[in-house]
Structures are given as structure tokens and as C-alpha cells.
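Participant: Using the sequences and the hints, build the whole thing.
Read in UniProt numbering, the sequence shown has 78 at position 78, and its numbers run on one by one without any break.
Note that these hints are calculated values from the structure, not bench results. Heads up, some of the hints might be wrong.
Taking lysine-lysine and the DSSO-like style, the derived pairs with C-alpha atoms no more than 30 Å apart in a straight line are [unchecked claim]: (1) Lys79 to Lys131; (2) Lys79 to Lys31; (3) Lys31 to Lys131; (4) Lys127 to Lys78; (5) Lys78 to Lys131; (6) Lys78 to Lys31; (7) Lys127 to Lys79.
Label pairs and their calculated CB-CB ranges [claimed, not checked]: (8) Cys16 to His48: 22 to 28 Å; (9) Thr12 to Thr75: 33 to 39 Å; (10) Trp149 to Asp50: 20 to 26 Å; (11) Val69 to Ala4: 27 to 33 Å; (12) Lys131 to Val69: 34 to 40 Å.
Where a beta carbon is used, it is the ideal one built from N, C-alpha and C, also for glycine.
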Amino acid sequence: MLAALPFLMIYTLLTCLLIRADIRSGLLPDKYLCPLLWTGLLFHLVNHPDFLASAVVGAMAGYLGFACVYWGFRTVFKKEGLGYGDVKYLAALGAWHGWCVLPAMVLAAALLATSYVLIQVLRNPGKQIHKNPLPFGPFMAAAGLLAGWQSLISLPL
Numbered sequence: 001m002l003a004a005l006p007f008l009m010i011y012t013l014l015t016c017l018l019i020r021a022d023i024r025s026g027l028l029p030d031k032y033l034c035p036l037l038w039t040g041l042l043f044h045l046v047n048h049p050d051f052l053a054s055a056v057v058g059a060m061a062g063y064l065g066f067a068c069v070y071w072g073f074r075t076v077f078k079k080e081g082l083g084y085g086d087v088k089y090l091a092a093l094g095a096w097h098g099w100c101v102l103p104a105m106v107l108a109a110a111l112l113a114t115s116y117v118l119i120q121v122l123r124n125p126g127k128q129i130h131k132n133p134l135p136f137g138p139f140m141a142a143a144g145l146l147a148g149w150q151s152l153i154s155l156p157l
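Facilitator: Right, dumping it as C-alpha cells:
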């Protein structure tokens, strides 16, 4: 567990930087996404080599899954419904958490985002809040932290 601590600190720091960047600018910068993805893979290489294949598949599945959503929406509606930073962020989360957790993380992030929008609409009736772009990164970060917390507390002591 002690060997994992530096990696978890990097994960937490990069996640906080991504949340801040997405809230401020609506963008998830590659300068944080790429190190997050690679430290996730390196974390498994060093600490859980038996889980490395799942992490690599998680990165690929996260990227391909959201890339299909991105390009499908863009093709049908002629506009972006998801930022490409979100595509890369799901790849990084897949590298950290593995492919099995991705559907639950996407569902949790979507439910959190939907709850946030509903609360904003109820608090501000008459405003068209639902028409403004919503940074999805903070909700994905929350889902990733929940997944990490769940796996951390399930480890034998």
C-alpha cells in the first residue's frame, strides 16, 4: 500500500487540476490528461502487474467508447455533444480503474450531472440553464474518485 501512495497523490492532484480547468474554461487539458493516463498504467505495472491488461483494455475501451459517442453525436446533430477532453479523460480513468468499472463510472457521472442540472433548473425557474454547456469532467472525476474509494475500502487490511 505504501508503494501506491505516490501514485495516488499524483492521481488526486491531476484530478483536482482537471476539475479546476474544466470548471474555469470548459476544457480538459492534455497536459493533465496524458500524465494521468500514463501514471495509471505505470501504477498497475509497479503495484498490480496482474491487473495491467485490464488497465490497458480500460484505457482503450474508455477512449473508443466515448469517441464513438462523440463522433456519432457530431455526425447526427452537426455539433459537439461531448468534448474530446472527456473522451481522453475516460481513457485515463479506464487506465486507473480497469475496463469493468467504466460502465458504472459513466452511469454515476451521468446521474450526478443530471441531478446537478435538475437542481439548477428548480433553483432558477425561467432561466434556460439546460441550454448552457455543462463541464462533464467534474462529474467524471467524482465517479472516478467513488470507484477508487470503493476499491480502496474493499482491499484486505
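Participant: Please name the hints from earlier in the document that this structure breaks, with their numbers sorted from lowest to highest.
Facilitator: 12
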